[in-house]
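Enquirer: As a plain string of letters, each chain reads:
Protein chains: 2
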Amino acid sequence: MDLKIKEDEVAVFAIGGLGEIGKNMYAIQYQDEIVIVDAGIKFPEDELLGIDYVISDYQYLAEHQNKIKGLFITHGHEDHIGGIPYFLQKVPNVPIYAGPLATALIKGKLEEHGLLESTKMNVLQESDVVTFNNLSVEFFRTTHSIPDTLGIAIHTPQGVIIQTGDYKFDLTPVGNQPGPNLQKMAKLGTDGVLLLLSDSTNAEIPTFSKSERFVGNTIHQIVERIDGRIIFATFASNLYRVSQAVDAAIQNGRKVAVFGRSMEQAIVNGRELGYLDIPDSEILDASEINKLPANKVMLLCTGSQGEPMAALSRIANGTHRQISIQPDDTVIFSSNPIPGNTVSVNHLINALEEAGANVIHGKVNNIHASGHGGQEEQKLMLRLIKPKYFMPIHGEYRMLKIHTELAQLCGVPKENTFIYENGDVLALTQNSARKAGHVPAGDVYVDGNGIGDISSEVIEDRQMLSEEGLVIVVATIDYKKGLVLSGPDILSRGFVYMRESGNLINQAQKHIFHTIKTHLDNDDAVAEDVLKQDIVDNLQEFLYRRTERHPVILPMIISTQV
Amino acid sequence: MDLKIKEDEVAVFAIGGLGEIGKNMYAIQYQDEIVIVDAGIKFPEDELLGIDYVISDYQYLAEHQNKIKGLFITHGHEDHIGGIPYFLQKVPNVPIYAGPLATALIKGKLEEHGLLESTKMNVLQESDVVTFNNLSVEFFRTTHSIPDTLGIAIHTPQGVIIQTGDYKFDLTPVGNQPGPNLQKMAKLGTDGVLLLLSDSTNAEIPTFSKSERFVGNTIHQIVERIDGRIIFATFASNLYRVSQAVDAAIQNGRKVAVFGRSMEQAIVNGRELGYLDIPDSEILDASEINKLPANKVMLLCTGSQGEPMAALSRIANGTHRQISIQPDDTVIFSSNPIPGNTVSVNHLINALEEAGANVIHGKVNNIHASGHGGQEEQKLMLRLIKPKYFMPIHGEYRMLKIHTELAQLCGVPKENTFIYENGDVLALTQNSARKAGHVPAGDVYVDGNGIGDISSEVIEDRQMLSEEGLVIVVATIDYKKGLVLSGPDILSRGFVYMRESGNLINQAQKHIFHTIKTHLDNDDAVAEDVLKQDIVDNLQEFLYRRTERHPVILPMIISTQV
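Order-wise, the sequence lines are chains F and H. Each residue of the first sequence is one higher than the one before, counting from 1 in UniProt numbering. Each residue of the second sequence is one higher than the one before, counting from 1 in UniProt numbering.
Certain hints may be false.
Pairs count within a copy or across copies, as identical chains cannot be separated in the list.
[What the hints assert, rightly or not] Dumping the calculated DSSO-like pairs for lysine-lysine here, alpha-carbon to alpha-carbon at most 30 angstroms:
1) K67 x K109
2) K435 x K4
3) K480 x K296
4) K435 x K388
5) K296 x K109
6) K414 x K386
Since the hints were made in silico from the structure, they are not lab data. From a predicted model like this one, the values you see are computed outputs, not experimental measurements.
One chain only, chain F, in its complex shape (with noise of 0.2 angstroms):
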């Protein structure tokens, strides 16, 4: 399909990141040159039973795969930069452009998928400008909860588009890095931006999130009052975070153990780039713990959402390999349960307690800190870059709208500002903006190693086997004779218990051999997907007369007739 814009158009669309929180994907194209920004992944709500990840449709890009220029990534999160392997496979050759963090953490994912040597990666500083034929890139600094993060601001010939990737204003961030670029923003405004395109995710918040090194100061004085051993858990990719835990620690005397896949890379990865200064000799060997007093050792590790596999989570049922929960351990969670995780992190707290830790959380400590911004910096962020029209993303549809209404707030009028889905595509010029129609933007479900073999309707019935059972109805016919030869019988899983509903069973035996022997009467040339659909639908309907419930029904037919 081809984009219904006019020749002097810029279209800008997301097929990822509009009304969810993840999944970011954004599009810029002018005439024959598209640029991307991001490529991330969602990790499924709860309701998407097996699924590993969402990515995005990548059809739209994949049929106008000559145009594509570049990705262009803001930062190194997942939710940014998950969905690159799966877009490379489906989309190959096009070239990364993304910060120094961000680079290493996709040829880790690269190298995994063995796509690391066809893939162009190209490494950015905030000065680079990226030029091609109508298109050019730039970049500015900005804060969040990881380094290395990038505004992108697209010079087309109709105007500037800038795309804030995720940020905060951290005006003192840690180990004295520059923080956000507000020259290079203001700048920016001032020669005239035609759309912004930011953040939401705390459009609901009406403050000023509070810094990052705020959160050293109390990770430094829970550190100092405690007398055992403590397990630090946070996110791998804050860095920042990180850095200030095992500041903590040395300044504390204790040497500092690292747990778990993703936090070992971190290290590495941080270290490399100059976000982590730990000498050699405060870092300590996983056999070495048991070697020092409890008051002189910290472990880092992943695991603060409570993910199962997680070294955290190990440790607290007693199943890792190296750690087992002493009396007088405190498990200090550096982060906030992400909605979905809430159960799965309240289930570990417990765990913990009861293995006998101390376990201290929560916002109320002050040891996490938000990686978004909340209202003041979305408005002081629309302020600066003062754009002509506006387009909240990343967030769910009430965060969309508060943002909107944030920039009608700083000056951009209502029928400047644009709340839009995935697929919908704006069609600007330097005076007019306009919707101009959609591109395909659905969920593609990546499950186990497969990509998109998954569709919605598969995750419907895995819905609903989770919440009405299965049953199954097996027959065997003989086609030629008109017969059944067996059953129909019936397995349930999930639906009723068989023993006690022995009537309900044999009545609905009936109604299907009833379906059956009709269908076997009726027609000499029976279709077997019309006789199984029929089975569907009767006992569907019978069995919801009856129970009220919608169990996935099954059907098996075991044919004589070779």
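Starting from the structure of chain F, add chain H where the hints point.
Expert: Structure of chain H alone, referenced to chain F:
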């Protein structure tokens, strides 16, 4: 006196505003050119009894008035403009540069003091540049609790010196004002700033101040649900607040009556300058109030700080000519008491409630927002301006200290930050900064119409009088004959209750009689001054020994020796 600076150094000093909130007055001198920023008063704290205002010591500026190129005003609050008439009385003919609202307020003052015709007033727009020989001055929009606020950038041959004035970063100002000019600040930062002088008032508050618009929402909600008459009290100069109160009134079908001279003047100024958009039809004359139902009226008045002569106090006390409290009246305090006024505001609230009114007040109701930025905004200013050197201004010592720490967190080296006192001179070149002596910068008291005729000793006396009371000693002496003809009699006020202290008084009389007699006996030519001092010293010592108090002792010698 002259400054102890080198030919090529720029001198920066305050003669008010450092170590205190109020009385702002800053000077920048390069060779034979002086630019002054603000000329405020400070309202006396409780211990300055009977003092109306405190102003700065203008001595240095008076001695160098031929060098003064202009007085530049950041905004129209008393602590930035209140000293102008006194300054001009001492240093005539200094041209004044101020924004439109500050100009209107200053003109009112000049008229009162008969200085209007002799003073050259220049009305500033943000885009103006005022150029002298070596110095030039430009401006950037800020936001504060009064419209029309400017930060001031003074270009010197050694670099740019910025004085922020009072500010918050209100990113959604009332009435679609454009808000702080982030782009201009960032541009100054990009081009390079030598020294930043920045408002420290809220350095102890770790957040980003709420937008004035946020208060407006609360006012609307409150006004909407009130049935009776509303009396709305706030600072007259906060035209944003006034505007929002009037809007809420009109939208709820209420007409507005204005009470208090400064509020009346504010409404005139605000309408003239376009900050208030109130149709004539919505304004009531005081005499018409009682003709309308209670729910059709809002009274807008001064006195939210409990000032005894302001409209609200007189209404509360039943001494107002036109208005008395009715049952079902609601009084809204849209303000916080300035620390020194807490007690009088509490008295006022009690009086209003005793008279039958409901009173809504306090931060908890979100009906006030500070006009000064918290730490996040101070950091934002530091990050936008990126100064080489930093001096916190407008704050007590502890605020200046915190602000200096924030500057260090924002990348200013510790040795480049200066916590100075009033009068301390900072001598700057583009590569150096050093302390270069001191100019006079003591407090000068204004009592009634007298300026500077009250010494700090007088204030100490007033303080002792208020705390320890007064003892008067009267004796009639015939110096010739060396006789005490009558007395010494002792009167006291505020010291001890005389009738119950006969013994103490008797002993004191004997003590003084002995002191006088010793003088008369030992010295032919009795020096009355010496005698009086002896009386004071001896009596003070005696009384302190007996009562542990230090009353003010006033000896009166009536001499028959003519």
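Enquirer: The structure should be examined with respect to each hint, and the outcome stated for every one.
Expert: Tested hints:
no. : hint        : result
1   : K67 x K109  : within (25 angstroms within a copy, 69 angstroms between copies)
2   : K435 x K4   : within (10 angstroms within a copy, 68 angstroms between copies)
3   : K480 x K296 : neither (81 angstroms within a copy, 91 angstroms between copies)
4   : K435 x K388 : within (16 angstroms within a copy, 48 angstroms between copies)
5   : K296 x K109 : neither (35 angstroms within a copy, 69 angstroms between copies)
6   : K414 x K386 : within (14 angstroms within a copy, 35 angstroms between copies)
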